[in-house]
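Participant: If you want the building blocks of each chain, they are given just below.
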Amino acid sequence: MKGTAASKVVSMQQAIAEHVPSGSVVVLGAQLEQMIPFAAGHEIIRQGRRDLTLVGPISDILFDQMIGAGCVSRVMAAWVGNASAGMGYCFRRALEKRIPRAIETVDHTNLTLALALHAGAMGVPFMPTYTTLGSDLLKRNGNLREFSSPVNEERLVAVRALRPDVAILNVQRADAAGNVHLWGSLGVAIDGARASRKVIVVAEEIVAPEIITSDPNRTLIPGFLVAAVVREPGGAHPAPVQGYYGRDHAFFHEYHDQTRELDGFERWIKRWVMEIPSRESYLKRLGETRVESLRVREHAFSVPVDFGF
Amino acid sequence: MVAAAAREIQDGELVFVGMRLPMIAFGVAKRTHAPGATGLFESGVIRDTPAPELLYTMGDPSNLLHATFCGDMLSVMSLLQQGRVNVGFLGAAEVDRFGNLNTTWGNRNGQQIRLPGSGGACDIASLSQRTVVLLEHTCQRLVSRVGHMTSPGNGTGNGWRREQGLPRRSGPSAIITTMAVLRFGDDGEAYLASVHPGVTVEEVLSHTGWTLRVADELAITAEPQPEELAVIREIDPHHFWTKS
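Protein sequences appear in the order of chains W and C.
Everything in the first sequence is counted per the working numbering, starting at 1 for the first residue and increasing by one.
Everything in the second sequence is counted per the working numbering, starting at 1 for the first residue and increasing by one.
Isolated chain C, as found in the complex (with noise of 0.2 Å):
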């Protein structure tokens, strides 16, 4: 999951760094194939290279040691703003059939939970070129419609971005989970794109909350390389963020 996650970096971007899982993504992009990926944290910091030890939050006094800037959350907002950012990571307790977010109200075996809120991943999904989304793969994660919409996807399908004024090149372009890549059609419907190694189509199926639909050319998600998994072991020895 991490490995492909690191995989939707190229090199030379600008990519918002999420907390948690894609921090670690961006460590191994930046470590493999792209070496010349800046990352922008939300707190205002800029980054040409991976931290030097695991990271907590993006405020441990790690992530700022070396860094190449470090200003105010607007600083770096502002990039997001512009376009100039080309991909974004988010994490979410719920996504939908149209790639929309849900962090702020969950749903336990039927009772409402208050989840944190936004963060930045409504500002992350709504201004940056290409959203990606990591989590895992069950039906209560994977939802037809989200209950609540924290953060804009493809709204109710295609030309809804647009018509909401969302700007031009921005919207979601994969979903990575514990199981599979979704990514989206013409009509912002998420399809199934690959199935990581030993996964059957059956079971990512039966375990997404609706009628997932699936690529004409299915592949299989490339196993991460012997390279990739030493640079996650490196960052997280002790699998803090990386729980398998």
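With the rest of the complex left out, here is chain W (with noise of 0.2 Å):
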């Protein structure tokens, strides 16, 4: 392997203790439904991280069991649920009955949320924008202000910039230096990684520089923003990564089934988090049928494009 960077590989255990502490603000889940960082969010588990700040768009089931597992003083986000069953019981218990802690709620919208960290990203104080003007979420929310703009008469809503301490993003490959190809859904997951202090990459590979060089269009975080990459293979399941594996549907539902009630949301951690110590046991636990049925079936890859002169 060529090229001089100093290489950030770690484990993901690794990666976790050095970057992620009690009370940190992290983004999690910036592509949506898509490239969740499952691994990083259960070994956080593991490691009993408290207080934690969780930034993202929608969180589909991620953001849930870290609530559930205690891990959580504050929620800033769009929607948090199971995105095809529907609710998130952790989040409820929480918010309803303070199980397993109370927590606080900064409600966004996608756009709010993706403004924030655009603000962030551009190093500037907030974004203004229409979106929540005469909602509830703009009176509850105290990151959204309205004022008037000082160029024409209209009102405005002021996003107040965010600065997460570390993004997590699961991503398809990174070099040893943290240059990332990223394709499929995008979300905020840019702006996400820009505007926070550290990045962690979770990569399904590890790649040559040549690889990334070779299509730098696609080098969607380049490497010195980059504070760790971790190699883990289907460190997204049941979240699909394009290209590598699909949603693994069933998994999200079952969740759903067997979290309606506390003791079940206690098992369930304890069989899919708390007694597995690594990504590759999870993948063990879920079974050979399953990890290979939810394999790419039919490849479908993108004409190369020629950056010659």
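Rather than coming from a laboratory, the hints here were simulated on the basis of the structure.
Among these hints, one or two may not hold up.
[Unchecked claim] Part of the chain W face toward chain C, derived, beta carbon under 8 Å: (1) Q34; (2) D136; (3) P240.
It should be emphasised that the depicted structure is a prediction, and the values quoted were computed from it without experimental measurement.
Note that CB positions come from ideal geometry on N, CA and C, so glycine has one too.
Can you join these two chains into the complex? Each is in its own frame, and there are hints to help.
Facilitator: What follows is the structure, given as structure tokens:
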């Protein structure tokens, strides 16, 4: 492997131990229903982190699990639940009954959360928008402030910039220095990475730098923003990774059915997180048949582009 | 309900496609009367063709295969905020007489229950030219006043959206329920525009949480055409989203 940049490749355990202390503000699930960093979230739960602020547009059960495990004191999100099955029961228990603890919610919309991260990424204190005008979200979220436009008579909402401590992103491939090739659902991944003080990249594959530089338009996160690179095949399951594996719909629906009651959630988290030391053993528990059934059935490669001159 | 939703899409329009039933309505519209409609998904995806299989979420890999565009969230949300999106679809736990929506705090037997939240709903309701809401028709869902206004409709009535500073060309266009289609008068309040075949006006009124006005020329919602039903069954063969 050519290239002089120092390798940032570490184990998941090391990455979380070093870069995600209790009290951190963490971006997770930036690509909406795709490439959700479940393996990283589970390691955070196992390492017993507390008082985290979770940031993400929608979370599709990872936030629910971390809330249920008691890691979270605050959620800044547009939507918390189970995208194809409905509610997140741990989220509900925390807000309705303070189980396992009380949490604060800062309710955003997808656009206001994207703008908060965009402002952070741009290095400005806020971004203006029309969304939420007149709504109760505007009244109740202190990061949304109405103001009069300085260039005309319009009323606008200022969305306060967000500078999270760390963004954890699952991606298809990265080189050892953290330069990322990412495709499929992007959501707020690019701004989430740029706004955050640190980035942890969780890649299906670590590739040679030449592969990254062969298609620089696909490099969505430059390596110098990245603090750690973790190679973790299958790290997004049950969420999909375009070109690697599909979404395990049944797993989301089983979670929904099994976590309706608190004792059900406790059994679930023990079986799928606490008893499991690593993603490798998680995939073993899932079983070869199930893992196999999620693999790409028919490849659909794009046509290479020509960077020649 | 899905067929009626599909008919809200006109050929050539830009459509903000929400989760669940709207994903099927978009597929029906594309393959029947609106082949030139384009679908925008808040994850950053733009499609000229419906996805090749049933979507459980907009992030399913099949929704990205052969998409025409795949950028980040702001690349599609910016088009919404500019006012270019003709119609956006939404579901809700509650909708009120002025078309305001609640997906944040619900009420079940007097107890407050926390719902998932806005997602992109408030953005679509704030910024798309026409908003169409799909939901089950019950007194618990169609309420006089929402307990929490997650997504703005016409607020407290005519002129409210302009007073708040929302875009001039935006706002609720229809509420499509399991029983009827409601539209909005010049005063911003909903009225009964059509009842679905086999449903009586009395049934609709007794399942609505306020005294619903009825159009002078009340229509019967057109039956789903065999062509539309065939597409619905093809997209959702096991009735995952279309329960009946």
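Participant: Each hint should be assessed against the structure and marked as holding or not.
Facilitator: Hints and how they fare:
no. : hint : in the structure
1   : Q34  : holds (4 Å)
2   : D136 : holds (4 Å)
3   : P240 : holds (5 Å)
The structure meets every hint from the earlier list without exception.
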